[in-house]
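Engineer: These are the residues of each chain, in order.
Number of protein chains: 4
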Amino acid sequence: MKPIIAVIGSENAVSKESLDVAEEIGSDVARNDCILLCGGRGGIMEAACRGAKAAGGLTVGILPSLDKKEANEFVDIPLSTGLGYARNSLVVSCADAIISLEGRAGTLSEIGLSLCNNKPVVVVKGSGGVSDFLESGRDELEFGDRIHAADPGKAVDKVLDIIKKLDRQ
Amino acid sequence: MKPIIAVIGSENAVSKESLDVAEEIGSDVARNDCILLCGGRGGIMEAACRGAKAAGGLTVGILPSLDKKEANEFVDIPLSTGLGYARNSLVVSCADAIISLEGRAGTLSEIGLSLCNNKPVVVVKGSGGVSDFLESGRDELEFGDRIHAADPGKAVDKVLDIIKKLDRQ
Amino acid sequence: MKPIIAVIGSENAVSKESLDVAEEIGSDVARNDCILLCGGRGGIMEAACRGAKAAGGLTVGILPSLDKKEANEFVDIPLSTGLGYARNSLVVSCADAIISLEGRAGTLSEIGLSLCNNKPVVVVKGSGGVSDFLESGRDELEFGDRIHAADPGKAVDKVLDIIKKLDRQ
Amino acid sequence: MKPIIAVIGSENAVSKESLDVAEEIGSDVARNDCILLCGGRGGIMEAACRGAKAAGGLTVGILPSLDKKEANEFVDIPLSTGLGYARNSLVVSCADAIISLEGRAGTLSEIGLSLCNNKPVVVVKGSGGVSDFLESGRDELEFGDRIHAADPGKAVDKVLDIIKKLDRQ
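Residue numbers (numbering that gives the first Met the number 0), protein chains in the order written: chain Z, 0 to 168; chain R, 0 to 168; chain W, 0 to 168; chain S, 0 to 168.
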């Protein structure tokens with residue numbers, strides 16, 4: 000089974016720089032023969048899917064509504080849950096690891112749920128939002144073993160290293 | 000976006016005949032360029048996935064536990080929800096239409112949830128279990144517009160016809 | 000802890016007779032010092048809550064939307080889940096036992112989920128809908144150990160007997 | 000309908016001081032004729048329930064497992080969801096407002112989900128954990144309109160003020 004990597008981050012008001020990083024990460028996910036999972040909507044999610052598709056990958060979007068048309072156009076498998084924000088829990092439970100950029104309330108909930116489920120989170124350094132904020136407090140909050148940090152171009156490598164180590168355990 | 004077709008039915012104590020039918024239906028789903036969705040476990044689910052993979056298709060399994068290793072070996076995308084039986088609601092909400100064979104309690108809940116969500120259900124005639132039982136009562140229960148019946152070799156054709164009609168509406 | 004008894008059945012187009020039965024059952028639930036749980040909306044749910052409140056009981060409604068104003072006026076504790084029909088799974092998982100009258104798609108899904116979770120279901124004899132239909136097939140479908148039947152005035156007694164037996168196990 | 004106030008915070012390794020604060024808050028919730036909602040387990044949740052019961056209140060616990068025996072002894076209505084950590088979404092969606100003390104991963108996810116659902120969160124100042132950490136970043140993260148802060152003895156007053164203002168809108 001191919002590893003499933005979730006990319007999380009804001010839907011709206013995302014900087015051009017973060018969108019570019021998300022697209023590059025999506026491509027890296029696909030080039031490493033992993034499945035890209037996300038919340039299926041716009042912003043960071045769409046950029047990551049675009050990158051994955053450009054690199055020939057497979058993309059899955061776990062949607063809040065019952066209407067699969069809400070998925071961005073780069074989602075291969077739109078999953079219309081009808082669970083609203085409760086679907087955030089699935090975005091992380093279905094992934095082997097999570098890459099987080101920027102982000103606001105939704106991303107905050109997803110990082111929290113990742114930590115609950117012992118899913119490793121790699122924060123893209125310097126991306127801002129709740130990602131950087133939580134990374135800055137990971138030692139104080141005793142999340143040091145589950146929240147990691149990586150430069151944009153190294154995020155997928157970092158995730159793959161962590162997954163390999165977990166598989167060996 | 001490719002249509003997503005869910006195949007539902009029992010995990011345990013399934014007849015050889017039903018497994019063969021499920022495998023054929025899985026192949027038909029794949030040959031018609033649709034994605035096969037199911038609960039990801041054994042029995043009817045595994046047979047349908049086996050058929051879809053043999054025909055070069057893509058398979059998604061929405062699992063009850065948090066452990067993706069519970070998926071059968073023919074699932075490409077195992078989604079570990081941790082929701083227990085509440086995941087039954089996702090098996091049907093994420094599908095465009097449902098094909099049902101045999102079945103017991105889980106299948107019963109999935110047909111009920113399909114009807115709640117106005118998702119068309121095609122029952123495989125003569126497969127027994129809750130599928131045939133509910134089909135026998137579809138007029139009495141006023142489910143005639145949502146529960147359909149088809150011979151085993153015609154189930155996927157029937158589903159595709161129904162999806163096309165719904166798309167035109 | 001007080002036993003929690005769920006009453007399930009249709010929201011719309013319910014006969015006056017069934018509403019009267021549901022109200023009586025709600026009263027019986029309260030008089031036996033049990034908590035009444037339901038889907039929180041109209042029809043059978045509202046009638047059962049009305050009966051429970053008239054008898055001084057406590058009522059809990061597990062709602063599909065995020066708006067607690069959708070609860071009927073006899074719900075003491077409206078729980079706004081935002082899960083849509085997926086909330087049906089909670090109506091039965093949170094109950095010790097279920098009483099079912101009449102019913103259509105939602106009730107069908109709830110009986111299926113009750114059987115999945117090994118929760119006893121007492122069908123009110125003669126109430127029609129999916130309740131009577133499933134009761135008629137309980138032996139054929141091998142649900143005989145989990146689907147029970149009772150006359151309207153005996154439904155709560157039957158449920159309490161079953162809960163007592165389960166507690167002794 | 001009585002307001003429903005959720006109290007969130009850690010289950011394990013909670014300071015005596017935080018437990019005392021949680022108990023006082025639980026009492027304040029009950030004395031103000033509100034329903035206390037929580038995750039139903041130990042630590043902060045149990046302390047809040049104990050306080051509410053001592054003041055004659057009503058307590059609801061939304062549990063992760065299917066076993067209602069996992070509830071602490073001060074929960075009147077144990078709701079066994081079987082949803083695992085996905086139940087965190089219900090703890091906040093079912094509340095009118097949230098009071099947060101200390102906390103780790105679970106609390107983090109619940110604050111995130113509160114913000115997603117536009118539910119006001121009152122952080123108990125000086126309680127530490129993710130509560131204080133997020134409060135310290137509320138302006139930087141643009142959560143200033145939804146994350147509030149209050150001294151321990153003022154938390155319930157603060158919540159009631161916020162609920163009143165929201166009702167007027």
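Keep in mind the hints are simulated off the structure, nothing from the lab. Be aware that one or more of the hints could be misleading.
Same chains, same label: a pair holds when it works inside one copy or across any pair of copies.
Here are the simulated SDA-like cross-link-like pairs (lysine to any residue), alpha carbons at most 20 angstroms apart as the crow flies [said to hold, decoys possible]:
1. LYS1 x ASP166
2. LYS52 x ASP75
3. LYS1 x ASP75
4. LYS153 x GLU23
5. LYS124 x ARG145
6. LYS1 x ASP138
7. LYS1 x LEU57
8. LYS124 x GLY136
9. LYS153 x GLU69
10. LYS1 x ALA53
11. LYS67 x ILE161
12. LYS52 x ILE162
13. LYS157 x ARG145
14. LYS67 x ARG167
15. LYS67 x ALA54
16. LYS124 x LEU140
17. LYS1 x LEU159
18. LYS67 x PHE132
19. LYS124 x GLU139
20. LYS67 x PRO2
21. LYS15 x ASP156
22. LYS1 x LYS52
Fair warning: this is a prediction, and the values are worked out from it, not measured in the lab.
Engineer: Confirm or reject each hint.
Structural biologist: Hints, one by one, checked against the model:
| no. | hint | verdict |
| --- | --- | --- |
| 1 | LYS1 x ASP166 | within (13 angstroms within a copy, 33 angstroms between copies) |
| 2 | LYS52 x ASP75 | both (9 angstroms within a copy, 17 angstroms between copies) |
| 3 | LYS1 x ASP75 | both (16 angstroms within a copy, 8 angstroms between copies) |
| 4 | LYS153 x GLU23 | within (10 angstroms within a copy, 44 angstroms between copies) |
| 5 | LYS124 x ARG145 | within (15 angstroms within a copy, 26 angstroms between copies) |
| 6 | LYS1 x ASP138 | neither (31 angstroms within a copy, 40 angstroms between copies) |
| 7 | LYS1 x LEU57 | both (10 angstroms within a copy, 13 angstroms between copies) |
| 8 | LYS124 x GLY136 | both (13 angstroms within a copy, 18 angstroms between copies) |
| 9 | LYS153 x GLU69 | neither (31 angstroms within a copy, 31 angstroms between copies) |
| 10 | LYS1 x ALA53 | both (18 angstroms within a copy, 18 angstroms between copies) |
| 11 | LYS67 x ILE161 | between (32 angstroms within a copy, 17 angstroms between copies) |
| 12 | LYS52 x ILE162 | neither (23 angstroms within a copy, 26 angstroms between copies) |
| 13 | LYS157 x ARG145 | within (12 angstroms within a copy, 34 angstroms between copies) |
| 14 | LYS67 x ARG167 | between (37 angstroms within a copy, 16 angstroms between copies) |
| 15 | LYS67 x ALA54 | neither (23 angstroms within a copy, 25 angstroms between copies) |
| 16 | LYS124 x LEU140 | both (18 angstroms within a copy, 16 angstroms between copies) |
| 17 | LYS1 x LEU159 | within (11 angstroms within a copy, 30 angstroms between copies) |
| 18 | LYS67 x PHE132 | neither (32 angstroms within a copy, 31 angstroms between copies) |
| 19 | LYS124 x GLU139 | both (18 angstroms within a copy, 17 angstroms between copies) |
| 20 | LYS67 x PRO2 | between (24 angstroms within a copy, 11 angstroms between copies) |
| 21 | LYS15 x ASP156 | neither (23 angstroms within a copy, 43 angstroms between copies) |
| 22 | LYS1 x LYS52 | both (16 angstroms within a copy, 15 angstroms between copies) |
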